[in-house]
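Chains Z and Y supply the protein sequences, listed in that same order. Heads up: the first sequence at position 36 corresponds to 36 in the numbering used here, and the numbers run straight through without jumps. Heads up: the second sequence at position 38 corresponds to 38 in the numbering used here, and the numbers run straight through without jumps.
Please keep in mind that the hints were generated in silico from the structure rather than gathered at the bench. Among these hints, one or two may not hold up.
Claimed, not checked - Where chain Z lies over chain Y, by a calculated footprint (3+ residues, C-beta under 8 Å):
id, region
1, 21-33
2, 51-62
3, 91-98
4, 117-131
Heads up, the beta-carbon is just placed ideally off N, CA and C, and yes, glycines get one too.
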Amino acid sequence: MIATPFTPLASLLGGAMIGLAAVLLMWAKGRIAGVSGIAAQLFPPYEDGEFAGRLAFVAGLVAAPVLVRLVTGSLPAQAIAAGPAVLIIGGLLTGFGSVWGSGCTSGHGVCGLSRLSVRSLVATMIFMAAGMATVFVMRHWS
Amino acid sequence: MAILVQFAIGLIFGIGLIVSGMSNPAKVLNFLDIGGIPAGTWDASLAFVMAGAVAVTFIGFSRVLKLARPFFAERFYLPTRRDIDPRIVAGPAIFGVGWGLAGFCPGPALTALGFGSTSAVIFVAAMCAGMVLARFIAHLPSLTRFVTPADPLET
Chain Z
1 MIATPFTPLA SLLGGAMIGL AAVLLMWAKG RIAGVSGIAA QLFPPYEDGE FAGRLAFVAG
61 LVAAPVLVRL VTGSLPAQAI AAGPAVLIIG GLLTGFGSVW GSGCTSGHGV CGLSRLSVRS
121 LVATMIFMAA GMATVFVMRH WS
Chain Y
1 MAILVQFAIG LIFGIGLIVS GMSNPAKVLN FLDIGGIPAG TWDASLAFVM AGAVAVTFIG
61 FSRVLKLARP FFAERFYLPT RRDIDPRIVA GPAIFGVGWG LAGFCPGPAL TALGFGSTSA
121 VIFVAAMCAG MVLARFIAHL PSLTRFVTPA DPLET
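Let's have the full structure, built from the sequences with the hints guiding it.
Quick look at the structure:
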């Protein structure tokens, strides 16, 4: 494993920016800022005429590190320990599960909890527990 | 104009992910590693990301939802389901395993693409395949007969 420093202030600030984005999307489009739902609906079947807006939102997500690098001249550390097989299995499960469960960390964890949704609370507790159990098995059961 | 605004919102979201440390899978995995608490390697930072995000969203939503309508839309699209069905249990359980394996959830994985990481490309490609598969299965006629009229993607 790669050790990471505890960064409460930066994390709180970054979290507040994520919250700001969620509030702005609700203000502008009246929609939940759930990344899994937005990304999944970039693929057919198309159920409404919001494709361009969703694509723009995802483009913003992808462009964020490019902008950060342009402005600050560098990017914070990003360490990906997983090999290709784990990335593929992890990606499949993440994509399938987040759509099957109607949301991920942003839709359930941020927007859902903020709306005091019981469904989102259940979902958030389950994906947190499953994530913790998975890391425990991967790191401590060998 | 609405498209540009949505790009800017995605940009703010992505910068938040980077500033908070969520875009670094090592940090995410060290947060999920409660087995690392005795050894002192547990990184509690992500609890602060959630706290900051929920605090701002909770206050912001309560104000925005008092408006008659959104700025660029006719109405608010809010999830209405309240039932705890099998999918709201199985979906997050599957997602959580994937999250714990690689340390990426959907937002940070997309932002990681902009870091120029090949690993992120592999993960996002697999993630999109998983999403398409889930929607395909959810839209099968045999399933939609049992699933209520609600949008299968509704939170």
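The hints, checked one at a time:
no. : hint    : in the structure
1   : 21-33   : holds (count 11)
2   : 51-62   : holds (count 10)
3   : 91-98   : holds (count 8)
4   : 117-131 : holds (count 13)
When the structure is compared with the earlier hints, no violation turns up for any of them.
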